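2 protein chains.
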Amino acid sequence: MNPEILRANEKYVDNYTRPDWSEFTNLVIITCCDPRVDPYGQLGLKNGQAIIIRNAGGSAVDALRSIVVPQYLLPDNNCEIAVMHHTDCGLSKVTTDQIRELVKSGNPGRDDIAAMVDNMEFHHIQDIEESVKNDVRYLAEHPLILKGTKLSGWVQDTETGKISKVVEAMALS
Amino acid sequence: MNPEILRANEKYVDNYTRPDWSEFTNLVIITCCDPRVDPYGQLGLKNGQAIIIRNAGGSAVDALRSIVVPQYLLPDNNCEIAVMHHTDCGLSKVTTDQIRELVKSGNPGRDDIAAMVDNMEFHHIQDIEESVKNDVRYLAEHPLILKGTKLSGWVQDTETGKISKVVEAMALS
Numbered sequence: 001m002n003p004e005i006l007r008a009n010e011k012y013v014d015n016y017t018r019p020d021w022s023e024f025t026n027l028v029i030i031t032c033c034d035p036r037v038d039p040y041g042q043l044g045l046k047n048g049q050a051i052i053i054r055n056a057g058g059s060a061v062d063a064l065r066s067i068v069v070p071q072y073l074l075p076d077n078n079c080e081i082a083v084m085h086h087t088d089c090g091l092s093k094v095t096t097d098q099i100r101e102l103v104k105s106g107n108p109g110r111d112d113i114a115a116m117v118d119n120m121e122f123h124h125i126q127d128i129e130e131s132v133k134n135d136v137r138y139l140a141e142h143p144l145i146l147k148g149t150k151l152s153g154w155v156q157d158t159e160t161g162k163i164s165k166v167v168e169a170m171a172l173s
Numbered sequence: 001m002n003p004e005i006l007r008a009n010e011k012y013v014d015n016y017t018r019p020d021w022s023e024f025t026n027l028v029i030i031t032c033c034d035p036r037v038d039p040y041g042q043l044g045l046k047n048g049q050a051i052i053i054r055n056a057g058g059s060a061v062d063a064l065r066s067i068v069v070p071q072y073l074l075p076d077n078n079c080e081i082a083v084m085h086h087t088d089c090g091l092s093k094v095t096t097d098q099i100r101e102l103v104k105s106g107n108p109g110r111d112d113i114a115a116m117v118d119n120m121e122f123h124h125i126q127d128i129e130e131s132v133k134n135d136v137r138y139l140a141e142h143p144l145i146l147k148g149t150k151l152s153g154w155v156q157d158t159e160t161g162k163i164s165k166v167v168e169a170m171a172l173s
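Heads up: the protein sequence lines correspond to chains Z and H, in order. Read in UniProt numbering, the first sequence has 30 at position 30, and its numbers run on one by one without any break. Read in UniProt numbering, the second sequence has 56 at position 56, and its numbers run on one by one without any break.
Hints are computed from structural coordinates only; laboratory data are not their basis. Predicted, not measured: the structure shown is a model, and the values here were computed from it. Hints should not be assumed to be uniformly reliable.
Note: identical chains are not told apart, hence a pair may lie in one copy or across any two.
[What the hints assert, rightly or not] Straight-line C-alpha distance at most 27 Å; calculated DSSO-like pairs for lysine-lysine: (1) Lys93 with Lys147; (2) Lys162 with Lys150; (3) Lys150 with Lys104; (4) Lys150 with Lys133.
Bound-form chain Z, shown alone (with noise of 0.2 Å):
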């Protein structure tokens, strides 16, 4: 990183105050690490006040060990979950195989990497509400997300920064 990072992060320092989990608002985000998402802005959050998981996409299967940790470890587990997906997001552009195929014709002969890809799932993303959808009836399904957490489903516009409901829901198991 360069030492302008580093310079940034001894002011950081020199005025930091340390966020209190009691200022946690029990909200879990997982969204996409791309660049121009940035949950805190879109959301007004300040820092200690949301769990944010990001992942390629922001998928939800991805996140899972991610929700478990913070709903069996915290002492006051009554998390809500609102997955947030956004447009022009680089996998909605290309599908699982298709990164299969740029791995491997990008390394020609290595029967060990193509192996490895072939056993991957990018999540790619056909539709984004759909995908959105399927995410958050993943996780009201999964036996491995507390019964009664709150669920929603949310499209980011990357162009305006407008975030917009699709899908609300409880998790059932």
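Fit chain H to the given chain Z structure using the hints.
Coordinates of chain H only, in the frame set by chain Z:
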């Protein structure tokens, strides 16, 4: 999510300038989803500047899919990857086995749930510097991480906000 968050999003939209991919610094940060970890503030980053992957503990193993996607999909795949774990992490206070027992004791008689958690690796952290080094080594040696990718490992002190470099490496495969 509460109405305050929706009002905050309306304000955000009013003042939104869509970040451009030209602002991306090629930095990929893997860090924890803990509410007290704020990668933007800590590193002085603006929306658009970094890919930010977050999961419980900041596990590089868990983040693999989300690294492969940008490394192979972005036109300039010369990413630099920083793994950042933090002090006082929930996953440094338990082991994978203890989480499995917690889940099982919360769901007596549910053999399906017991089988699921017994198959899950929770990536607990025994020693924070060691866990950062192990994750950087995992990426350095992984055949799916592009050869020559710059890697670094960091610890963030949750008490002070300060980041400290633990290790640097380069992807070898």
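Hint check:
{"no.": "1", "hint": "Lys93 with Lys147", "result": "between (34 Å within a copy, 25 Å between copies)"}
{"no.": "2", "hint": "Lys162 with Lys150", "result": "within (22 Å within a copy, 35 Å between copies)"}
{"no.": "3", "hint": "Lys150 with Lys104", "result": "between (41 Å within a copy, 22 Å between copies)"}
{"no.": "4", "hint": "Lys150 with Lys133", "result": "within (14 Å within a copy, 37 Å between copies)"}
In the structure shown, no violation is registered for any of the earlier numbered hints.
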